[in-house]
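Asker: In order, the protein sequence lines correspond to chains A and B. Residue numbering for the first sequence follows the numbering used here, beginning at 189 and increasing consecutively. Residue numbering for the second sequence follows the numbering used here, beginning at 376 and increasing consecutively.
FYI, nobody ran anything at the bench for these hints, they're computed from the structure. Misleading hints may appear alongside valid ones.
Stated by the list, open to error - In silico DMTMM-like pairs for lysine to aspartate or glutamate, Cα to Cα no more than 25 Å straight-line:
id, chain 1, residue 1, chain 2, residue 2
1, B, 490, A, 566
2, B, 430, A, 357
3, A, 587, B, 395
4, B, 490, A, 569
5, B, 490, A, 560
6, A, 260, A, 317
7, A, 602, B, 481
8, B, 490, A, 570
9, A, 602, B, 386
Said to hold, decoys possible - One-sided excerpt, in silico: chain B residues whose CB lies under 7 Å from chain A:
id, residue
10, 393
11, 396
12, 438
13, 478
Stated by the list, open to error - So the derived label-pair ranges between C-beta atoms look like this:
id, chain 1, residue 1, chain 2, residue 2, range
14, B, 484, A, 638, 31 to 41 Å
15, A, 642, B, 434, 54 to 64 Å
16, B, 484, A, 726, 23 to 33 Å
17, B, 448, A, 706, 51 to 61 Å
Just so it is clear, CB atoms sit at the ideal spot from N, CA and C, and this is done for glycine as well.
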Amino acid sequence: MMEKHYYTSLTRNMTLIVIVVSFTPLILIAGLIGYYFETSYREKVMQHLHELVEKHQQLINSFLDEKLSYIKVLADSYTYDELTDESFLQNKLVILQNAYSGVFVDLGVVNSAGVQISYAGSLKLLNADYSKAEWFREAIKRDYYLTDVFLGIRRTPHFIISVKKRRGDTEWLLRATIDFVAFNSLVEQIHIGETGSAFIVNSAGELQTRPATELAPNITSLLSRTSWARMGAAESAKPVASSIEEVKTSSSGSNAASGIIKSQNRNIIYILMPLKSGEWTLVYQQDQADAFSEINRARVIALAIFTFGCLAIVLVALFISQKVVGHIQKADLEKEMMNEQVIEAGKLASIGELAAGIAHEINNPVAIMVEEAGWMGDLLEEEELQESENVDEFRRSLKQISLQGVRCKEITHKLLSFARKTDPVHHQVQVNDTIEEILSICKERSKFSNIRVQTELDQYLPLISASPTELQQVFMNLINNAIDAIGSGGGLLEIRSRVDGDKVVVDIADTGYGISKNVMARIFDPFFTTKPVGKGTGLGLSICYGIIKKLGGNLTVDSSVGLGTTFHVNIPIHAETS
Amino acid sequence: MGLEILIVDDEVEFAEAFAERLRLRGFTAHIANSGEQALGIVDQGAVKVMVLDLKMPGMDGLEVLRRVKKSHPEVEVIILSGHGSEMDDAYGRNLGAFAYLRKPADIGDILEAVKRAEKLLASRAV
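Given these sequences and hints, build the entire structure.
Answerer: So, in structure tokens, the structure goes:
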């Protein structure tokens, strides 16, 4: 018997092999494709952001250049006298405001002493003194100047474009205020996803526009990475804050710096680009999770598919291996049973041949013995021996010899019929008739033992092809056995015939003492008997078994000790003619 | 002079005892211990009934039966053998034996067969 352990380990091995074979390529492909996809997607996103920021950089630069050039044109086109005429200046402001609504807040002319000697605009800034203002000090040194955003006198954020002109020995400035709101809107347009936004800082890291989202901390340390802003911010940005952990930085020449920094458990993508020849920096920042939200979503979906796939593989592997091993187990069992049957058949055949030989060899000496005894009996009848006082004793003894001879003959005849190879002729037989016939023979015996016989015969039972004498032998044996099993105490003998599929089945059930387990194992073995010596040859059931097997049928037993035994005779309706 | 019976059997003791018993019952019994011997005796023409064993060394019973039935079809043959399958063979091939008896047979059964054969012979003679 194969151990259970063998099948469990077989199941386990099959499951593992299926899982490993399926998982390995799945994991490799998923990993490889995932890696390449993610890498290229990230590059694409970064590239896209770069382009976007670059476009705005150009836009802002051109905005500033354009505004500056207008002021330049204004300063170049008109004389100091014309521009100091307030109505003229007002006229020019209106033209500019019409052309660029809301960009130019006011215009003014400032002399070298820092006093605004001419002004056009909504505020009353005529004669305002800028001599102390930082922008003025810077502006007076250069031909043109763009200030950082500051509050100034008017206390609203703005910045100033100024162009320096010379009249005689004195210098004067044409100054225009650019509205912060108009400028801010340029940058505010850059808004991507939920956290992507842009803003402008000066070289000291001070905001020049309003950021739409929370600022990445420590802008100055970021600025220190750029080539253009490093000089101006060098003093303030020296301590690179330890809270910023660099993840990745890439820099494309002096035009841009980009990378990913870690801050407050968020990875933030940043892109820095110079504005205004490096005085300002356009900063774009976005949470990495936001920028790569698509890929994160794809990753979640892929992971879900992967997990479900793995789960399905495991389940299928388990299911299939269990099923296959079940089949193997069944096949093994069948093979084992087949082997047992083959051995059983072989055993029966060899015993059969042996038995035939023995029977024949014994028959001759027994025949001689019986004959000699008969001869002696004949001689005893002669008159001169009649006088002998022991003549009766002789007669009894001779009778006993021939009686035992007959007993020997019975045994050998059974042996011979057991071993008989050649088939007696087959006929179409109605099994019910055979049963009735045998029952009529056994009627006296069963009545004597107080046995009630019940039959339940299927009247539509089909005919089968078999030797009638052999069938008689089978039922005779089985019914006799049943009667013997019930004994003299009385009981019930039930005989049922029925059709089951392509077989005729006869059940012979008795309420006898049953068959114990160790007897059951040998019940069809020749010469095995539980009857007392001289009562049974031990061949009855093995002969029945042989006959039924020869018909292509089967003989089986159910028995429980103390309750009774049922023999099932299965005979195929269409026996193969072998 | 009783009915002439030939007993063919390689077991000498059996043949002798059986012959004696037949003689006691008024038959004229001859003995042959081999097939060849049996054919020789039959050829003499006196034998009417033959009691034949099947399994013998040399020419076996079936061969004897076949030859006797060919040369002397009037002789009735009673098969008396200890071997089941050869008995089946003889029966199956329908070689014309008059009766089949199994060893060891009761003398009564044999006598009954012999008497039936005698009756048949008598009816044929008429």
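Asker: Holds or violated: is there a CB of chain A closer than 7 Å to the CB of residue 393 of chain B?
Answerer: It holds, given that the least Cβ distance between residue 393 of chain B and chain A is near 5 Å, below 7 Å.
Asker: Could you check if residue 396 of chain B really has its C-beta closer than 7 Å to a C-beta on chain A?
Answerer: This hint holds: residue 396 of chain B lies near chain A, its Cβ roughly 5 Å from the closest one there, short of 7 Å.
Asker: CA of residue 490 of chain B to CA of residue 566 of chain A, is that 25 Å or under?
Answerer: Holds: residue 490 of chain B and residue 566 of chain A sit about 19 Å apart, inside 25 Å.
Asker: Between residue 642 of chain A and residue 434 of chain B, is the Cβ distance one that fits in 54 to 64 Å?
Answerer: Because 57 Å falls inside the window, the suggested range holds.
Asker: Any CB of chain A closer than 7 Å to the CB of residue 438 of chain B?
Answerer: At 18 Å from the nearest chain A Cβ, residue 438 of chain B fails the 7 Å test, so the hint is violated.
Asker: Between residue 448 of chain B and residue 706 of chain A, is the Cβ distance one that fits in 51 to 61 Å?
Answerer: holds, 60 Å
Asker: Check whether the Cα positions of residue 490 of chain B and residue 570 of chain A lie no farther apart than 25 Å.
Answerer: holds, 23 Å
Asker: The hint names residue 478 of chain B as touching chain A; please verify it with the least Cβ-Cβ distance against 7 Å.
Answerer: It holds, given that the least Cβ distance between residue 478 of chain B and chain A is near 4 Å, below 7 Å.
Asker: Given the hint that residue 587 of chain A pairs with residue 395 of chain B, test it: the Cα-Cα distance must not exceed 25 Å.
Answerer: Holds, at about 19 Å.
Asker: CA of residue 490 of chain B to CA of residue 569 of chain A, is that 25 Å or under?
Answerer: Since the Cα atoms of residue 490 of chain B and residue 569 of chain A sit roughly 22 Å apart, the hinted pair holds (cutoff 25 Å).
Asker: Does residue 317 of chain A sit within 25 Å of residue 260 of chain A, going by the straight-line distance between their CA atoms?
Answerer: Satisfied, since the Cα-Cα distance of roughly 22 Å is no more than 25 Å.
Asker: That 23 to 33 Å hint for residue 484 of chain B and residue 726 of chain A (C-beta), does it hold up?
Answerer: holds, 28 Å
Violated hints, in rising order: 2, 12; the structure is consistent with all others.
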